[in-house]
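Visitor: Sequence:
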Amino acid sequence: MNDTVEDKAEDLREETAEAAPEVAEHDRLAEIEAELAEAKAAVMYAQAETQNVRRRFEKEAQDAKTYAAT
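Residue numbers (the working numbering): 1 to 70.
Where hints are given, some of them may not hold.
As the list claims (entries may be wrong) - Listed next, with one range per pair, are the computed distances between beta-carbon atoms:
(1) P21 / V43: 24 to 34 Å
(2) D63 / D27: 46 to 56 Å
(3) D11 / Q51: 55 to 65 Å
(4) K8 / R28: 23 to 33 Å
Bear in mind the hints are in silico, worked out from the structure with no lab data behind them.
What you are looking at is a predicted structure, and each value in this text was computed from that prediction instead of being measured.
Quick reminder that beta carbons are idealized off the backbone N, C-alpha and C, glycines included.
Produce the entire structure from the sequences given, and follow the hints as far as they go.
Guide: What follows is the structure in structure tokens.
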């Protein structure tokens, strides 16, 4: 009976050892995907901020032309 338990334990260790790189790879992939999502959000924020600054500048320039003393 000990042989059977030891054999099962050895089989389980082998399966775990084989799966370990896959788990580590999956964890790394999830980490990279999270970083990518954060980077995309940062880019979208920067683009929106740039667009807002451009619109503010255009409005201020138009207001300056409209209300300029001539």
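Visitor: Hint by hint, note whether the structure agrees.
Guide: Results of checking the hints against the structure:
1. The given range of 24 to 34 Å is respected by P21 and V43, whose C-beta atoms sit roughly 32 Å from each other.
2. Checking the proposed 46 to 56 Å range against D63 and D27 shows it holds: the Cβ atoms sit about 54 Å from each other.
3. At roughly 60 Å, the beta carbons of D11 and Q51 sit within the given window of 55 to 65 Å.
4. Hint check: K8 to R28, Cβ distance near 31 Å, so the stated range 23 to 33 Å holds.
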